[in-house]
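Colleague: Here is how the chains run, residue by residue.
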Amino acid sequence: MRQLIIFVKKEFLHVFRDRKTLLMLFGLPIAQIVLFGFALSTEIKNSKITIVDYSKDVVTTNLIQKIGASNYFNIERSLKSATDLQADFKKGISKMAVIFPENFGSDLIHTGKATVQVIADASDPNLATTITNYVTQIINDFNAQLSANSAQPMQIMAEIQMLYNPELRGAPNFVPGVMALVLMLVCTMMTSVAIVKEKELGTMEVLLVSPFKPIYIIISKLTPYLIISVMNLFIILFLSAVFLDLQVKGSLLLLVFGSILFILTSLSIGLYLSIGAKTQQAAMGLALMGMMLPTMLLTGFLFPIENMPIVMQWLSNAVPSRWYFLIIKKVMLKGLGFKAVWKEILILGSMSVFLFAISLRKFKIRLE
Amino acid sequence: MRTLLFLLDKEFRQLLRNKQLLRTLIIAPMIQLILLPLAADYSVKNISIAVVDNDHSTFSQKLIYKITASGHFKLTGYTNSYPQALSMVEQEKADLVLQIPTDFEKNLVTENQAKLYIAINAIEGTKANLGGAYLASIIRDFNSDISVKWQTPATSDVPQVTVASSNWYNPYLNYNLYMVPAILVTLVTAMAAMQSAFNIVEEKEKGTIEQINVTPIKKYIFIIGKLVPFLVLGIVIFTMGLILARVLYGVVPVGSLFVLYGSLILYMFAMLGLGLLISTYSGTQQQAMSLAFFFINIFNMLSGIFTPVDSMPGWAKTIVETFPPSHFIKIMRLVVLKGSSFSDISYHLVAITIIAVVFNTWAIINYRKTA
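Here the protein sequences come in this chain order: A and B.
If you read the first sequence in this note's numbering, its first letter stands for residue 1, the second for the next number, and so on.
If you read the second sequence in this note's numbering, its first letter stands for residue 1001, the second for the next number, and so on.
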């Protein structure tokens, strides 16, 4: 036991001596939470659009004004003719063109019908669908005003209420996601070099010939990162409460417990990679490059998991951050209790035990 | 020149000798490119809806049928009580709740007006936005259906503006066409550019950089020797990625390959410059990695791959302008989907060039041959 404490102390000294890494370990989650919390939003607004008005009458001016006044659009350019449209799309300076044909106003008044043409740049299908929808809505409102005098029969009015996040801010979705992402990657990366570094520098030999047990080596490697990660967690929670107005609604104890399980799981993944790798570069390659995008995509905060093909849904089950993301959302944002998250906690617990066990088995006490 | 060739020979040998690293660098991105586009699908199909039907009328049944038949929604709950539906939202079993109040049909027929209540879980912005929009348009349709059926169309003399919409460049709204080029960019960025930083720092950590420092090799030759292998590796990954994208996802660049590769090489200079810069600031590989992670993670999240840059606040947009990947991702999407030419993308090319010059100059000034 005394040995272990001495070794943990040694590892701490190693970590704290490396000021640059330490600065990154703390600075990185903080900077990212704040940056992403403020900057990211899936809400589509300020889309740049082009207006082509062949008619130039009272009605089109009125409609253009309505479109321009909406938050969703920025009228970037007004063209005289639609021939230049292609060039705008190819430069990427316009997402949509709204075209009013000649005699738009007089057609509307005399024949009671006029058609506005909307061309969306559908490279981004989601954006195209959404902004086409917005324009249609604006025009429907305009229609409703036209027919305001003659009463519409059988009106259904839908009242929409946004739960948990009435202002549709990006932060309530992104903060838990980024928390899961950052904690997972930082833990995995840092431990991924821990063992292999000693191998590469040749100091592993010294450790192996000592009477020190392998499990102690592993525990002493993990402890500093566990403590740093828990400190990070508190800093993140504090920042999101103060700056992003996201307080922990449920039990803090439960959240911290879930977080520690998640951190242990991530540390074990790094450990496993580290034991298997021959060089630091290979370990980092796997940890940073190999895990970053899958974690980003399969956690569920960018793309809904239910939408994915079954294979990807299975794969996402193996990603710890997916479960942790659910825990944060339920405990932190919705304020639910243990009953709602016992399944996720059980999964994370078993994952960490399993990963730690196979790493321990794989740990060789001989150098090749 | 001869010195450079020797150095390149050494670097390529070292890179090709490390089989485990090479596997990681080439196979890992390919597996990701095969699998991840399957996950990166924003098209919202299976929104779970819980219906609270307090009316149990023909109209309420018809409306529910219309919603489930639309293909966007999946009916996961049908109850009488609103609290019960709300608890389904809490357990993530439903994304939105539609409440049909008592006397919905009666009010509609007798008073010409009825209300519906929709509650949406707004934590996930995309789903909330699109789900709400879809449901609203279904209700609108349902509304016009029944008013046509029940009333004589007295509205024909009211002028109406109709919308004719069309989708260019991606008429089938295929999400892969949009995501695959961007994912390829992130893979090239992560794999090739950042490994260059680790590579130089490795020589520092092992002490072998001293040996090079005492030779008459000029620092820019040493740097070129370090960067060229990763430039080649980047081009290899990019090419393999383009082939995979074509075979698996049918993504065929509309624009010319010449434009694509020209931009790629320019982009690689910028990212290799960043790698170099990171290496001059780190003494150990662990430091280099944490710095690299910091940048890559920010690049990935903010460069407009997943969320629209236009929706960000102004200060964030300015920051994003200085990220090389955000420009290269735009270039990729423009060239692959729309066939833009060099002159169409000139703004982004100029931006990347400026960034590349800044990074590389900064790095070379900061790199010292003395330890």
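Note that these hints are calculated values from the structure, not bench results.
Ideal Cβ positions, reconstructed from N, Cα and C, are used throughout, including at glycine.
Heads up, some of the hints might be wrong.
[As the list claims (entries may be wrong)] Here are the simulated EDC-like cross-link-like pairs (lysine to aspartate or glutamate), alpha carbons at most 16 angstroms apart as the crow flies:
| # | chain 1 | residue 1 | chain 2 | residue 2 |
| --- | --- | --- | --- | --- |
| 1 | B | Lys1204 | A | Glu200 |
| 2 | A | Lys48 | B | Asp1310 |
| 3 | A | Lys91 | A | Glu102 |
| 4 | A | Lys249 | B | Glu1090 |
[To be verified] Short, incomplete list of chain B residues facing chain A, as computed with Cβ under 7 angstroms:
| # | residue |
| --- | --- |
| 5 | Ala1040 |
| 6 | Asn1054 |
| 7 | Thr1058 |
| 8 | Ala1114 |
| 9 | Ala1133 |
Colleague: Determine for every hint whether it applies to the structure shown.
Modeller: Verification of the hints:
1. B:Lys1204 with A:Glu200: Judged against 16 angstroms, a Cα distance of about 13 angstroms means the pair holds.
2. A:Lys48 with B:Asp1310: OK: Lys48 (chain A) and Asp1310 (chain B) at ~8 angstroms, within 16 angstroms.
3. A:Lys91 with A:Glu102: violated, 27 angstroms
4. A:Lys249 with B:Glu1090: Given pair Lys249 (chain A), Glu1090 (chain B) holds - Cα atoms ~13 angstroms apart, limit 16 angstroms.
5. Ala1040: The hint holds - Ala1040 (chain B) has a Cβ within 7 angstroms of chain A, the shortest such distance being about 6 angstroms.
6. Asn1054: Where the cut-off is 7 angstroms and the nearest Cβ of chain A is about 15 angstroms from Asn1054 (chain B), the hint is violated.
7. Thr1058: violated, 14 angstroms
8. Ala1114: The hint holds - Ala1114 (chain B) has a Cβ within 7 angstroms of chain A, the shortest such distance being about 6 angstroms.
9. Ala1133: Holds. Min distance 5 angstroms.
When each numbered hint is compared with the structure, violations occur for hints 3, 6, 7.
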